[in-house]
Structure formats: structure tokens, C-alpha cells
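Novice: Please work from the sequences and hints to get the whole structure.
Okay, here's what each chain looks like letter by letter:
Number of protein chains: 2
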Amino acid sequence: MRNAQDKKAIVLLSGGLDSATVLAIAMADGYQCHCLSFDYGQRHRFELEAAARIAREAGILHHTIAIDLRASGGSALTGDTEVPKTGIQDMIPVTYVPARNTIFLAHALGWSEVLEINDIFIGVNAIDYSGYPDCRPEFISAFETMANLATKAGVEGTLRIRIRTPLISMSKKEIIQKGISLGVDYSKTHSCYDPLPDGRACGHCDSCRLRKKGFTDAGINDPTRYAHNTQ
Amino acid sequence: MRNAQDKKAIVLLSGGLDSATVLAIAMADGYQCHCLSFDYGQRHRFELEAAARIAREAGILHHTIAIDLRASGGSALTGDTEVPKTGIQDMIPVTYVPARNTIFLAHALGWSEVLEINDIFIGVNAIDYSGYPDCRPEFISAFETMANLATKAGVEGTLRIRIRTPLISMSKKEIIQKGISLGVDYSKTHSCYDPLPDGRACGHCDSCRLRKKGFTDAGINDPTRYAHNTQ
Numbered sequence: 001m002r003n004a005q006d007k008k009a010i011v012l013l014s015g016g017l018d019s020a021t022v023l024a025i026a027m028a029d030g031y032q033c034h035c036l037s038f039d040y041g042q043r044h045r046f047e048l049e050a051a052a053r054i055a056r057e058a059g060i061l062h063h064t065i066a067i068d069l070r071a072s073g074g075s076a077l078t079g080d081t082e083v084p085k086t087g088i089q090d091m092i093p094v095t096y097v098p099a100r101n102t103i104f105l106a107h108a109l110g111w112s113e114v115l116e117i118n119d120i121f122i123g124v125n126a127i128d129y130s131g132y133p134d135c136r137p138e139f140i141s142a143f144e145t146m147a148n149l150a151t152k153a154g155v156e157g158t159l160r161i162r163i164r165t166p167l168i169s170m171s172k173k174e175i176i177q178k179g180i181s182l183g184v185d186y187s188k189t190h191s192c193y194d195p196l197p198d199g200r201a202c203g204h205c206d207s208c209r210l211r212k213k214g215f216t217d218a219g220i221n222d223p224t225r226y227a228h229n230t231q
Numbered sequence: 232m233r234n235a236q237d238k239k240a241i242v243l244l245s246g247g248l249d250s251a252t253v254l255a256i257a258m259a260d261g262y263q264c265h266c267l268s269f270d271y272g273q274r275h276r277f278e279l280e281a282a283a284r285i286a287r288e289a290g291i292l293h294h295t296i297a298i299d300l301r302a303s304g305g306s307a308l309t310g311d312t313e314v315p316k317t318g319i320q321d322m323i324p325v326t327y328v329p330a331r332n333t334i335f336l337a338h339a340l341g342w343s344e345v346l347e348i349n350d351i352f353i354g355v356n357a358i359d360y361s362g363y364p365d366c367r368p369e370f371i372s373a374f375e376t377m378a379n380l381a382t383k384a385g386v387e388g389t390l391r392i393r394i395r396t397p398l399i400s401m402s403k404k405e406i407i408q409k410g411i412s413l414g415v416d417y418s419k420t421h422s423c424y425d426p427l428p429d430g431r432a433c434g435h436c437d438s439c440r441l442r443k444k445g446f447t448d449a450g451i452n453d454p455t456r457y458a459h460n461t462q
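Residue numbers (this note's numbering), protein chains in the order written: chain F, 1 to 231; chain S, 232 to 462.
Hints were generated in silico from the structure; no laboratory data involved. The beta carbon of each residue, even a glycine, is placed where N, CA and C say it ideally should be. Hints may contain errors.
[As the list claims (entries may be wrong)] Derived BS3-like pairs (lysine-lysine); straight-line CA-CA distance at most 30 Å:
hint: 1; chain 1: F; residue 1: 8; chain 2: F; residue 2: 173
hint: 2; chain 1: F; residue 1: 213; chain 2: F; residue 2: 178
hint: 3; chain 1: S; residue 1: 443; chain 2: F; residue 2: 173
hint: 4; chain 1: S; residue 1: 409; chain 2: S; residue 2: 419
hint: 5; chain 1: F; residue 1: 173; chain 2: F; residue 2: 212
hint: 6; chain 1: F; residue 1: 178; chain 2: F; residue 2: 188
hint: 7; chain 1: S; residue 1: 419; chain 2: S; residue 2: 404
hint: 8; chain 1: F; residue 1: 213; chain 2: S; residue 2: 383
hint: 9; chain 1: F; residue 1: 212; chain 2: S; residue 2: 383
[Said to hold, decoys possible] Output of the computed footprint for chain S on chain F, the stretches with three or more beta carbons under 8 Å from beta carbons of chain S:
hint: 10; stretch: 57 to 67
hint: 11; stretch: 158 to 170
[Claimed, not checked] Over the 10 Å line for every Cβ pair with chain S, so calculated as not near, a few chain F residues:
hint: 12; residue: 27
hint: 13; residue: 52
hint: 14; residue: 99
hint: 15; residue: 113
hint: 16; residue: 136
hint: 17; residue: 177
hint: 18; residue: 178
hint: 19; residue: 227
Specialist: Given below as C-alpha cells:
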């Protein structure tokens, strides 16, 4: 067994509410964390600034990988269509970015092998989520199986990749309550898919709706700066 | 069933001998091909030029995605250490790029969903290969399983992703014989990991050794321009 001081993790940090909570959970669990963000041409670039700020204030190594997802197009999150603001629907929404979590986890896998890190934390959530297929437990499990066949370290048995998803069965309310208990300052996170130029959240997109409902359900004051009162 | 004219494929085209053969196989099989290359800061950038030339001459849509694999480091192929020239060894070599095929296939998966393409062709080879874990059938199978759980199209049942590996059980000799029978001009492909500034192959790296041995075994004249006679 490794010593406690050897516990290292890669944390995918988007700068949103969920990934900031995941980072707090990993740190509270004694992991030395290395944060990874992706600049994929997202509309909501305030997210990336939030990620950098969160990592810096936690004194954590942070790296941003630039990848061109706009090449494949097909999502409102990368500017091809309008972000919908009519509420969460049953079908998979247009804000879905094709294979996004697969691509993010694939890059994290390469990094984990170089840094000799077993644990990759990602803030996917299968409860209060937006209907993305790559947030489901069966996807995560299949990725983990693949990952351990993909790498030199996996084949040689020196690493055993685990995709850690502490939020996967939690409601947004529970996520926020957990984060607050660990001292997360949610005013520093960014969730909105379609923010104003000054960084204020639109208050109407799926991400804003989920976030607002989470704070309301948790009975915690929402520190988000919204464009206008949308309660 | 789809009509023959609906048969579309994404072909991962590195510009090397194997992927050029895969493209010829897919085209001969009646697929309308879309080629995808990756600029990952590789030393052997002549490969990318070869890929663009091969696609152009075949009149095929070709797209290059820039990704920063050097961020994670750890491979002689991205300039961290010397390319070895002492022959192929049993262990996984330093030219291994962490999670490379996982990352490439993940990006191809995103593209396949946008273009509504079931078939992704990749020129991995588990016989005369350099010992990369992500060239083995068990990796490919695990990736395919994961891919069909990762995407909106897979969940909705409109696409069934297949990772096609026509070379996986072929020797280099057989690959070359197949390519020649399909009219592949191997003088336009590039294999060397450490070429001279004028594009000539070093003749000593693993990739050059495998290529030369393949042509010798096939009894076919090797059209590669080597730096010097290394037979």
C-alpha cells in the first residue's frame, strides 16, 4: 500500500459548481490534486477563469489543455446554435457536446500515466443532470475498463486507473450541502452556459435553472450574480 | 439497411504506411471516407504533410485536429527523449505516447456523431507493431463498448459505432501486399519517427525497421528515401 502522502489525483475542473465540489471532496479525502481544464472554444469562458482562480486559491497545480471541439461542431455550447432557455426537457439537449467527457477523460488518462496517478475525479451527475449520456454510471464503468487496457502502466500493472465520480448519485441539493460543509465558496464558481459580457449568469439556461433550484432546495442563499431577478 | 451510397466512414490517417492502406481498404469496400489527422507536436511532421497529400490526391475530405499531447509529455515521439535506434525490443518502447489512440478515437467519436457515421477505421496492428497497448484487440473492443454508451446517437439507437481495424491481424508483409494490390503508392507515405530535415527516413528507428522488413518479406521494392543505405 502507498502512504497517505502518495495519494494523488487528477481532478477535471471546469470551474463550475460540481467540479469545485469534487475538488473539495478529493482534497478532504487526503489527495494531492492536479487539476485539468479544457479550453474547447466554449461560449462560457468565464468557467475557465473560475477554474484557474479556484485552483490558484487552493494552491494546486492546474493545467489547461486547448482542444478544438468546434471542428466537429454540433452543439449550442460551442456556438453553433442558440442556448435553449425554456426549461429542462426529457430529450438530450442541443447543449450536448459530442463525446465531450470521452475526450476529456482520454486526455486525463494520458496525464495520469505520465504523473503515475491512479485516480481521476470527474464531477458527472446522473440525477439532476441535463440528460447527457456520458454522465451515466454505465459510461463511466466502460471508460474505466477501456482505460486499464489502453495504457502501458495498466498493462504492466503499475497503475490501476479509477474514474472517481463522488457526485454521480447526488442531487444538486446534496452536492451544494456537501460543498458548503467542506467550505466551498460557490460565489467563485461559474455555471451559466450563456453569461453576459460582465460574467453575470443569464438565469434561464438549463445550467442556471439546475443551480438555482439546488440552492433553493438546500435552503442556502445562492451567491450567483444573475442578470436580473429570475426567481 | 442503408444504400451503398450511404456507406460512410471516418478514417484515421496519420500519413504512414498502415493508415494509407486502411484508407485504400475502406475505399475499395465502397465507403465514402472522411479522413482525420492529429497534429500533436510530433517530431515527424512529414507524416502530416503525407496525410494531407494522400487525402487530396484521393479527393477526400480531410481534417486535422490540433491537440497538445506535449502537455503530458512522456514520449520520445513528442521530443522529450531520444528516439531509440537499436532495434525492436520486448518491452513497451519510449516512443509510446500516453493514451494516444484513446485520445484519437475519442475525437473521431465526436466527429462520427456529428456526421452520423457508424464506422471508424484505424490502422492498428497487433502483430508487427511496436508493443503499444492501445493497438491490441482487447483495447479496441473495450473502446467500442464505451463509445456506444458515450454518445447521444448510441443511446438513441440511431448510430452503432464500430471501430474497424482491418490490419489488426496482418503482418507488415501482408499489409504491404494488400496495399499494392489496391494501388497504394507507398512512396507518398511517411513512417520514420526521426526523419532528416529534407524528409528522408533515418532507416534506424523502429518504424523504419518494421517498414523495411515488410518490403523485404513481401519481395517488393521499398520506395522509401532513406538517409543512407541501411539494408
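Novice: With reference to the structure, classify each hint as holding or not holding.
Specialist: These are the hints, each one checked on the structure:
no.: 1; hint: 8(F) to 173(F); result: 28 Å, holds
no.: 2; hint: 213(F) to 178(F); result: 16 Å, holds
no.: 3; hint: 443(S) to 173(F); result: 62 Å, violated
no.: 4; hint: 409(S) to 419(S); result: 16 Å, holds
no.: 5; hint: 173(F) to 212(F); result: 10 Å, holds
no.: 6; hint: 178(F) to 188(F); result: 16 Å, holds
no.: 7; hint: 419(S) to 404(S); result: 18 Å, holds
no.: 8; hint: 213(F) to 383(S); result: 25 Å, holds
no.: 9; hint: 212(F) to 383(S); result: 26 Å, holds
no.: 10; hint: 57 to 67; result: holds (count 4)
no.: 11; hint: 158 to 170; result: violated (count 0)
no.: 12; hint: 27; result: 22 Å, holds
no.: 13; hint: 52; result: 15 Å, holds
no.: 14; hint: 99; result: 4 Å, violated
no.: 15; hint: 113; result: 4 Å, violated
no.: 16; hint: 136; result: 7 Å, violated
no.: 17; hint: 177; result: 30 Å, holds
no.: 18; hint: 178; result: 27 Å, holds
no.: 19; hint: 227; result: 29 Å, holds
Checked against the numbered hints given earlier, this structure breaks hints 3, 11, 14, 15 and 16; the rest are met.
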